[in-house]
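One line per chain: the protein sequences are L and A, in this order. The numbering of the first sequence is my numbering, which starts it at 1 and goes up by one. The numbering of the second sequence is my numbering, which starts it at 318 and goes up by one.
No lab work stands behind these hints: they were computed from the structure. Glycine is no exception: its CB is placed at the ideal position from the N, C-alpha and C atoms. The reader is advised that the hints may include incorrect statements.
[Stated by the list, open to error] Chain A regions said to be covered by chain L (calculated; three or more residues, Cβ under 8 Å):
id: 1; region: 388-394
id: 2; region: 413-421
[Said to hold, decoys possible] Partner residues aside, some chain L positions facing chain A, computed with beta carbon under 7 Å:
id: 3; residue: Q124
id: 4; residue: T172
id: 5; residue: L174
id: 6; residue: S181
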Amino acid sequence: MPRLNNPRVTLAIIAVALVLPLVIQNFLTFQLTLVLVYAIAIIGLNLLTGFNGQFSLGHSAFYAIGAYVAAMLMDKADFPYAMTLPVAGIACFVFGFLFGLPALRLEGVYLALATFALAVATPQILKLSPLEHWTGGVQGIVVNKPEAPFGLPLTEDQWLYYFTLLITIVMTVLAHNLVASRTGRAMMAIRDNPIAARSMGINIALYKSLTFGVSALYTGVAGALGAIVVQFVAPDSFTFFLSISLLVGLVVGGVGWIPGAFFGGAFVLFVPNLAESFSKGLSGAVYGVMIIVLIYVLPTGAAGLTRAASRWWRAKA
Amino acid sequence: MSVRDISVSFGGIVALDGVSFDIDDGLIVGLIGPNGAGKTTLFNCLSRLYTPSAGAILFEGRSILTCPAHQIADLGIGRTFQNLALFRNLSVLDNVNVGGHCRTRSDYFSDALHLPWTRRGEASLKSRSHEIIGYLDLEAHAEKRVADLPFGTQKRVELARALASSPKLLLLDEPACGLNHEEVEALAATIKQIRDDRAVTILVVEHHMSLVMSISDRVIALNFGRKIAEGAPAQVQQDAHVINAYLGTGQS
């Protein structure tokens, strides 16, 4: 698998990412911020599914929990927005870890079903009237858009973009370190052959449940960032469809390839809009066809494309 | 290693019925028997994949039956599998690195932060893995994905992975299965060499009789879940029970 371990390529990408919001419109900057948010969530899903072989259709629930924790902290407790991220991350880690414990007994499609249940239940629980005081019920919660600090000459959208970019880079580097480490090898060994992994001394229960927690943490941080960027949370933003979108992003980017999350994030954000511009009434069908074509042409996603491109580049050089 | 009177049954079928034997340090012990004799079941008990319904298994004087399966490698018992059980999508080097999992320490947090001490651990693990890869003549394949390699090479990777846990006792489940004639001869030399160079006690389950008889110091024969013979290879080969088990008694 190709890794972003070519420092020149990495630096060039970061340079472009830094300059971009200065030359494009605010709305596009806002959209790019959301691409980064989805990318973090997809990295979380990739750690679980791509590297550890556990399926989840429930990541919309972790995203929702992260988003609500952030929104409630800002709305009810006047938390500074940046401080909501670690709280949302830890809350999701604990929830994901606890959910991962009983899920240890479930494999493949059964785990997919259990996580599906989580995805379906979460929006309804958020609407419950006893919780309405905190969650705002069906109405959700509106949060204020943070301004750029230290008197920086940036619009709110530009500042949020840079803030999200910083978090994204940190989260990507951490994930990259993780999968290249002893822990990452143990995760992949469990994915490829659990029985042999156990005979090599790997504590499967520990790694699986911790990975579930860390995956939820990533998605929860993404949810919290999403709440800050969109300035609004409501139960129906976090339906099962969001889980599927993240899964689409994972496959499009490349299962088991961390940088693929950025391709996946861009796909999930831009391609449905693109489909809508073709035909308003049939946008879903057009989106569906696009996915089928992409899977057919590029079954290994952006990962396969990048690998082929870098091979071609080296052959040429 | 001492196996005392262990029994295993699946449903109503008795796979092992009161089997006992000892393995002295530094020996190569062959475990033979017709199909269904209980060899692999016994192996899976020794590596804690199965728990026997009765009996005890002692390793260096203490019972392993209270140990969870993932701590067996830690105790110094390594194994290979009858049908390859490699981590298919990982490189040869990473497969061997996973073999060294129980000899290294790290945690989620330090690994994500890539802290200096995990870097040092990685470096020493990597050099150890390369030593083993060189020892088994796999250097040319180190960075290749395991699933892309020929069967015989994959079997050597399994051996390398097992050695990476620095076992005191190595369990080999049909190491010759699927290998051609030359590969089997090379394997016999390798197994003896591993015992001599690395002070490893080896228990090998094998159908390939000439291999077992040529490398083993002792041979144990099983049939229908019971031990029917034990002794030097030549002695077991002559044993009437063993001949009956393989060829039948000629009486019905």
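Here is how each hint holds up against the structure:
As drawn, the region 388-394 of chain A meets chain L at 4 residues by the rule of a beta-carbon pair under 8 Å; at three or more, the given contact holds. Coverage of the region 413-421 of chain A by chain L holds in this model, with 6 residues showing a Cβ closer than 8 Å to a Cβ of that chain against a need of three. At about 33 Å, the closest approach between the beta carbon of L:Q124 and any beta carbon in chain A exceeds 7 Å, and the interface hint on this residue is violated. With its C-beta approaching chain A no nearer than about 11 Å, L:T172 sits outside the 7 Å limit, and its interface hint is violated.
A distance limit of 7 Å between C-beta atoms decides the matter here; for L:L174 the minimum to chain A is near 4 Å, and the interface restraint holds. Interface restraint check for L:S181: the shortest CB-CB distance to chain A comes to about 4 Å, inside 7 Å, so the restraint holds.
Hint compliance for this structure: hints 3 and 4 are not met, and every other hint is.
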